[in-house]
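Residue numbers for the sequence shown follow the numbering used here, beginning at 1 and rising by one.
Please keep in mind that the hints were generated in silico from the structure rather than gathered at the bench. Please note that the accuracy of each hint is not assured.
As the list claims (entries may be wrong) - Computed Cβ-Cβ distance ranges for the label pairs, DEER-style:
no.	residue 1	residue 2	range
1	S323	T378	16 to 26 Å
2	G349	S323	26 to 36 Å
3	S420	K621	16 to 26 Å
4	D541	E473	29 to 39 Å
5	D758	E473	43 to 53 Å
6	R665	A785	23 to 33 Å
Remember, it's a predicted structure, so these values are computed and weren't measured experimentally. Don't be surprised by glycine CBs; every beta carbon is placed ideally from N, CA and C.
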Amino acid sequence: MYCVQELAGQAILMIDDLHLLNDPEQQVLQGLLDAAPDGLCIIGTSRDEPGKDITARNLAGDVSICAAEELLMTESECAELAAMHTSTLTGSEIFQESAGWPLAAAFLAQDGSFAESDLVAESLNELSADAQADLQTLALLSSISPTLLDEAPTGRELVRFTRRHPELIDTDPERWRVREFLRSELLVQASDRESIAQWADRFDRLGATDSSLILLSRVPGNRELLQDRLEIVGSRLLDQGRYRFLRMLVSQIPVRDRRTAISILDLSSGFWLDQIEQVSVGMPHVEESSLTVLANTVGITTDDSLALAGLQTEFYRRRGDPSLLHVALNALSLVGPVDHSADPIGLCGGLSQPAQRGLGQVLFGLAVAELFSGEPETVRDGRRLQELSFKIAERAGADTAALRAQSAYERVGMGLDQASTAVAPLEAGIVSLAAMGHPDVATLQIELADILGRLQNPETAEGLVEGATEWAEKTGNTAVLPSIALVRATTALIKSGPSQDNDQDLESAWKLMATAPRLRRALPGFAARISNRMMDFRDCDRASAWLDRAGALASGHLQSSYSSDYLAASKFRLRSMIAAVTLPPDAAQLTWFQCQPAGLLEFDASVAWDLLPHDGGESAKRLLETSRDQLDPLWLPRLEGNKQPAVDSANLSVSLLCPVLKLQRGAESLPAPTGHAARLLALLVVSNGSLTIDAVLDDLWPEVETEVARNRLHQVILRLRRALSGSGSSLVSATEGVLLLDKDRLESDLWALRQGTDATTDEAILMITRYESDLCAAQFAYDAAFEDARWELRSQLTRIAKRHLDHEGTQNPRLLQACTDAWARLEFADEIGYAVADVLDRSGDSREADVIREQIALRLAR
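My request is simple: use the sequences and hints to build the entire structure.
As structure tokens, this is what we get:
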């Protein structure tokens with residue numbers, strides 16, 4: 001396809017450019033506009049090979065030519081055409097001088113003239129049907145919605161083109177308003193579903209998805225086309241935060257199509273709710289306006305009003321907006337008095353399924369508000385109302401497993417329930433969402449990992465963190481990444497205690513949360529939680545630093561509804577720890593905890609744990625006597641002074657002197673790690689159990705940014721720990737920038753060989769027999785990182801074999817056979833072969849010795 005674009009007196013000539021125009025990686029058009037604002041720019045590329053490299057050269061001071069290897073015109077022809085542009089030739093003369101190049105017929109001469117209409121028609125006839133359709137579609141783009149097109153980078157350029165050069169679209173030079181003609185023609189054909197779909201497809205092919213949706217929304221009736229198209233491309237647009245576009249789309253839908261309008265809003269609401277963080281960065285009223293557009297225009301029936309109220313309530317609940325109460329109570333006035341004892345069947349009688357779903361959302365929002373109140377009676381009512389909302393949602397055909405899981409996690413966070421009560425609902429929610437392939441599986445996995453970390457089960461929590469990371473990458477759920485970073489860091493803290501590496505991980509998680517506006521208001525609570533974890537390890541300095549950070553934020557607009565009470569309780573706990581005595585609590589500061597039984601008990605247990613070294617366990621004893629049955633099970637062994645039994649892993653053996661890495665515990669073979677995890681384990685063993693993290697990053701991901709590489713290393717370490725699992729504490733740890741293997745609980749054939757200088761004959765025979773091949777020769781073939789170690793191990797094996805053969809080779813047939821087998825098995829063991837031949841000579845078996853020497857000579861000759 002060919003087209004010309006005039007900008008401020010200059011011309012840009014584009015040949016088959018639409019592929020480049022819509023390719024964000026090339027950005028050829030914008031690059032030329034920026035780099036060559038003066039003179040003529042000519043772009044040439046191939047429709048069949050749009051990815052070819054384009055080279056640029058300056059033909060003259062005011063002319064720039066960009067050409068591909070296979071041009072529709074040669075560079076010399078392009079240069080000649082550029083020269084014609086600077087001449088006084090008219091458009092028709094340019095066409096004649098060019099010997100009939102199709103491109104020249106569509107070329108704008110310096111005087112602003114084009115070739116005659118018959119020449120233009122002849123040129124257009126040489127274009128393919130698709131190219132001609134694209135030209136018509138370009139014209140229509142400018143008439144659909146200029147405001148909308150201004151939001152798209154390519155839209156502005158297309159509008160400019162179609163406004164200035166309509167002759168390229170219609171062969172009649174007199175019809176300068178061909179755009180209006182095309183639009184009128186299209187509206188006349190509005191009832192033609194096939195024609196509408198055809199135009200929408202053309203828009204999509206040009207990358208003008210917005211225009212496609214606008215076109216479909218303006219045509220009355222036949223809403224299935226719009227609904228289908230929204231389902232196909234809506235998620236991509238909405239993930240980009242296109243709220244303004246959605247609001248415009250909804251506002252254009254006629255009132256008589258209110259059912260469709262509600263379904264479209266329902267479809268898009270999930271994306272709005274997932275992108276709530278945009279509310280905090282300059283668009284506080286966009287979603288609210290979008291939701292109220294229909295409330296003001298189509299809220300005619302009770303069903304419609306309830307459906308909309310449900311969406312509004314859910315929006316306000318996720319945003320933490322008190323407007324939730326106003327919307328919810330107005331909605332409930334439509335169905336009469338509702339309390340926690342109401343009959344769900346009676347409430348849903350006569351309501352449509354969308355209205356039932358909306359009623360469930362309204363009741364759930366009210367229940368959450370009551371739970372947040374902190375007053376014991378209101379909290380109890382909130383629990384019952386929440387259960388009622390679940391039953392109504394189930395009657396509406398909704399799967400409430402995920403919602404129950406989220407509610408259980410939130411109640412733990414509010415101190416209403418023990419952490420252990422959330423495990424089963426979260427597991428059920430994960431199963432339910434995973435069956436649908438839902439992105440929020442990652443969210444529930446990371447919440448379950450957080451709960452298991454609190455329950456002192458970091459090994460399982462680490463596996464869930466890894467699973468959440470993989471699911472988020474697979475489904476594109478980037479919103480959960482800050483939470484993954486946070487739980488990964490806190491799990492490592494719970495498992496291994498404070499360290500410099502963990503400090504860096506926590507800091508990285510902090511920065512990620514700070515860049516996510518929706519999570520930013522949770523920063524004070526995040527800092528206070530980290531401070532309490534530091535107090536669990538009796539690290540007052542780190543705990544104080546995190547509390548100072550929480551206090552600095554809590555006084556601002558980021559403070560959540562209950563973080564001030566949690567922060568006050570954390571400060572009280574730290575003062576108690578530093579003073580090593582039980583301080584009288586300030587009742588006003590602990591109001592929230594006194595209202596929440598589980599939260600208060602956890603707080604009391606934490607303080608009792610802190611005082612164990614100082615009061616002889618008296619505080620813990622009193623707490624166990626009065627509240628043992630109400631305490632979460634994780635506190636019992638800690639307060640009673642018991643430790644969880646560790647699984648013995650002393651017999652875990654890592655074999656590297658074989659084709660592929662092997663793991664074994666006793667006589668049992670275990671699944672070995674693969675990929676980067678296997679390579680990391682091999683590197684650690686070769687390095688005698690320790691490697692700097694910087695060295696690992698340089699080896700595994702030399703071309704990747706440090707932060708990205710560190711995140712990948714976390715996942716690799718998790719996979720390696722799972723492969724080596726079976727101990728109460730991990731066999732792989734990171735401290736002060738160094739990765740360490742616990743050598744006291746690991747064995748390796750490599751370490752045994754290195755330390756085998758003084759080995760007995762039986763030990764030497766075992767080493768020689770176990771040396772099956774070079775260090776993981778099949779798994780890490782030609783890997784330069786292991787070459788030095790391979791030479792070292794070969795030399796050590798040769799020294800051990802020769803020393804023992806020299807001393808007792810003639811008296812020990814087992815030793816002689818082991819060395820003979822090693823020579824035959826290993827290509828580099830020629831010196832061992834010569835030593836075996838010498839032993840055979842001394843034993844009187846010269847013929848066999850000569851055979852071995854001949855085979856060695858043949859091997860060397862090869």
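Status of the hints after comparison with the structure:
| no. | hint | result |
| --- | --- | --- |
| 1 | S323 <-> T378: 16 to 26 Å | 19 Å, holds |
| 2 | G349 <-> S323: 26 to 36 Å | 29 Å, holds |
| 3 | S420 <-> K621: 16 to 26 Å | 23 Å, holds |
| 4 | D541 <-> E473: 29 to 39 Å | 37 Å, holds |
| 5 | D758 <-> E473: 43 to 53 Å | 51 Å, holds |
| 6 | R665 <-> A785: 23 to 33 Å | 27 Å, holds |
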